[in-house]
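Since each chain sits alone in its own frame, please combine them into the complex, following the hints.
Top to bottom, those sequences are chains D and L. With the first letter of the first sequence counted as 1, position 148 gets the number 148 in the working numbering; the numbers rise by one all the way through. Plus 1000 on top of the position in the second sequence (first one is 1) and you've got the working numbering.
In case anyone wonders, no lab produced these hints; they're calculated from the structure. Hints may contain errors.
Claimed, not checked - Each computed SDA-like pair below joins lysine to any residue, with the alpha-carbon atoms no more than 25 angstroms apart: (1) K1159/L x F108/D; (2) K1159/L x V235/D; (3) K267/D x V235/D; (4) K1279/L x S159/D.
Stated by the list, open to error - Pulled from the structure, derived: some chain L residues nowhere near chain D, Cβ distances all over 12 angstroms: (5) C1037; (6) L1083; (7) S1115; (8) R1116; (9) M1226; (10) A1267.
Note that CB positions come from ideal geometry on N, CA and C, so glycine has one too.
Single-letter residue listing:
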Amino acid sequence: MNTVVDASAVPGAPVPDTASAGPALEVSGVSVRLGGRFALREAELRVARGELVGLIGPNGAGKTTLLRAALGLLKPASGRVRVEGRDVRPGRVAIGYVPQRHEFAWDFPISVENVVMTGRTGRLGLFRRPGVEDWRAVDDALERVRMADLRTRPAGELSGGQRQRMLVARALALQPAVLLLDEPFTGLDMPTQELLSELFVSLAREGRAVLMTTHDLAAALYSCDRLVLLNRTVVAEGTPRALSEDAGAWMETFGVAADSPLLRILKAVA
Amino acid sequence: MSPAEFLTDLFNPDLAFLPKALLIAVMSSIVCGVVGCYVVLRGMAFIGDAVAHAVFPGLAVAFVLSGSLVIGGTVAGVLTAVLVAVFSQNRRLKEDSIIGVFFVAAFALGIVIISRAPGYAGSLQQFLFGSITGIPDEDLFIVAGTGLVVLGVVLVLHKELVTISLDRETARALGVPVFWLDLVLYVLVTLAVVISVQTIGNILVLALLITPAATARLLTDRLGVMMVLAPLIGAVSALVGLYVSWSWDFPTGGTIVLVLTAAFLAAWFLAPRQGLLSKALATRRDATGTPPVAAAGGQGVDGPV
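Isolated chain L (complex conformation) (with noise of 0.2 angstroms):
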């Protein structure tokens, strides 16, 4: 399918959920992009794991009661993520030990309740795996208004998240409070992944919130180029892995999280510093001992090799 036929069944009225997908899925990417470059750049991959899984019980309660998954995933998450961080206060065992409890027993309590739910096996694997159908038109202003909200808290705290993540003791130490700004990160990290759980699926999420950040890290060395660079990797990714998924009839959630990956791979070998292949030729130039200056001066280039 070419891009033009895509475009046509965006704007095809029997395919109205398509454009719906396409939108929900752009700006969760967006908003998992922001708040995933916090996520990567503090070791915390794992807790976006367990939040991603420790929201399911709050989707399938939601899901029984037919009520909101947004509000049902969001206080799911919030309170595995307020247990996590009181249990942790034990110095006998280290936080990843609390998060591997708490974020299983989690999803199996999602497991046994969406259990009870008529039509288990299919809404199950929409929950795990994401689906682009059905999504109720509420839904798109229930994510936009979450969306707007976690973006403007990142934006205000914005130097209070960096201080805390650079060095906890001396952000103590100032008078900055580590442990709510804690709290308040799990949070837009559960906002988050809830608002992105409906098309792309549970499992896959966490890939929405590592994986820009991550390809992001490696293409700067600036934090504020990261944060805009994130979200754009991430709606750049979300519509070609849709576009793909639509066209072949791949399931989305997967495509798009290979589209990701695949920009992850790129931005692995051929970041302008940090890649493999400009560290190749740095080493080729250092072995012919042609120095640097020559060559950006074009003398180097021209000359007979």
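Next up, chain D with everything else stripped away, as it sits in the complex (with noise of 0.2 angstroms):
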């Protein structure tokens, strides 16, 4: 507040832009109730550009609805969210959503190109098609996902890796700012997660707000900047660094006694 009022006493200083001093994605004070009771309770969530964080906790524990609260498909009973300081609204923010896997209709005859330019649908908008602006950033999303030389392949004959990054480049195409990623790495192996890792840190480094859900600790342990750890609501949060040594906070969110082979996965892994 200060600083606001300082700003404005001196003539000529510039006052300062909430819009990109602020975290890119904010996530405050978020409350869902589904079916009648609270999936999710007074979470807090926020993710700057260039950072990789990750979202940790167990089945159920309302990650994917954050992540659908983040992205405006479900209305919270209390608390908002903002994109670049500005409330989220499906279609008015890019925010690039990179869903699991197998919510993509795989056996839908689409090359890769026109796959990834279905992520500029919503942008363009009804009764216009894609112009050289749109296809331009198409090549650019395919380029940085290192797909450009698999463009015309059918998205079904792609490998489990491929898919992955034709996803995140359907996201990508929107150029957008955040980047929310669900369970990533599900059914893939090691080298391939590695790969996606080095991806996603690159993507938040290039000056992108990054959040992904993901149950493979190691992956997450060792590639993101910061840890969210939510069951229902969010526990705790810090630097993997940090939050490895707090064991309290990995029984309380995932309901494990302090002898539980997951507390010692992570002591190994720090």
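Shown next, in the form of structure tokens:
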């Protein structure tokens, strides 16, 4: 508050731009009711540009609910979600979403580049066909995930890792400031996971705010800048190093005892 | 009957209903072929069946009141589609159960309504199995006009319809109005069904929607090609079906469907990459250890086997 007052007091001083100064994704006090009970209670989460944040929690902890609220697909009972300082609304703010791979219709006869172009359907709006600018965005997105040489391949013929990269490219086609990834590692082998981790880290370093849910603790501890432990609400958050020493937070999040293999893995990785 | 004789009959003024039936059958096959691509790719065959049955009470009401069959059928089909869409919001029941409830109910309602009409048995059979006689001239224009509208909407909304077919959640996140597009697709399916019901009948119309698109899917991995192939297969099958039924005095709807099925089976066995035949050949090639490159170069073929 003080800085704002000071800034306006001095003539000609630059007014702080709240949109770029604040976190790219800001979830504040979000509660979501699903079927009469709270799937999420007072969730607080911030992701800045340049940051890769891992969202960790057991099944049913509300990870997907949090992502859906962040996308504006669920109306929170309370709280708000802001992207670059603006209230989130589907199609209104550039937020890239990479769903779990099984959400996608892989038997659909469509080429990789056309799938990536569907990422711009909402931006294009009704009745408009893709133009030069749209194809350039698609080219960039494909280039970014190193799929340019597979662009004419039918989507259904891709391997698991390629499929995941295509879905990332579709999200990147909007050139979003925020990228949300839902379980990107599920069902992929280790080398593929490592390549994807590297991709996500570099996507963040280029100035995007990247948030991913995952059950893969090793990958999350290794590549994420920060981890958020979720179980109906945010139990704890911090750097992987700090959190791996906080056994209590993990026990609370996953409801496990002190001798759980989970905690032993945690110690081994840290 | 030779094709030449069929052609003569087509231009015989005493058989004026024949070219009309052919035109309507071909036009509705084209429309159904295009719309059917979405139905097949989204696994909506059951919904297609439901809509086909749901138009029945509308047709019956229109028939009893001597109104327009197209309008009657469309109103009933869309009403049922909206009911299904609204009732599906209840999470306790899956959509297919809701559809199961409503389309049989609609069909039952149609039977009760049409039973009040004079000449009940004859008209019922005509609705269920189609008829090529007694098509009024204005229906030609109604079918053509409706068909153009359907194809126009598909052209305009293609990008959106593909986006929601690929993955609905992402489409929603992109701000694409998924619910409304679903509704539009139901209406398109309904219109395609309604304009086809007359020649092919209520029970068999599903074949016109599903079989050409399914056949085309076997032949290509590209949506654009599929959406050209499906109406082509449908139109040719309608032509061949009408010719065969006229020559041997078979029921028209049934014959067209059997021709379509033959095309589907042919594609199943002979498709270039996915067909059983090419798979069998590929297996044999692998077994004999002949590299595919050599075969393609023509050297492996000429050598002693």
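Here's how the hints hold up against the structure:
At roughly 14 angstroms between alpha-carbon atoms, K1159/L and F108/D fall within 25 angstroms of each other, so this suggested pair holds. For the hint pairing K1159/L with V235/D, the CA-to-CA distance comes to about 42 angstroms; that exceeds 25 angstroms, so the pair is violated. Of the pairs offered as hints, the one joining K267/D and V235/D holds, with about 19 angstroms between alpha carbons and a cut-off of 25 angstroms not exceeded. Only pairs whose Cα atoms come within 25 angstroms are accepted, and K1279/L paired with S159/D is accepted, the gap being roughly 21 angstroms.
Once the 12 angstroms rule is applied to beta carbons, C1037/L is inconsistent with being away from chain D; the minimum gap is 9 angstroms. Interface exclusion of L1083/L from chain D stands, the closest Cβ pair being 23 angstroms apart, more than 12 angstroms. At roughly 43 angstroms, the least C-beta separation between S1115/L and chain D is larger than 12 angstroms, which holds for a residue marked as non-interface. In this structure R1116/L is separated from chain D by more than 12 angstroms, as the shortest Cβ-Cβ distance comes to about 44 angstroms.
The claim that M1226/L is not at the interface with chain D is violated, since a C-beta of that chain comes within 12 angstroms of its own (minimum 6 angstroms). Under the 12 angstroms C-beta cut-off, the non-interface status given to A1267/L relative to chain D holds; the minimum distance is some 14 angstroms.
Of the numbered hints listed earlier, those contradicted by the structure are 2, 5, 9.
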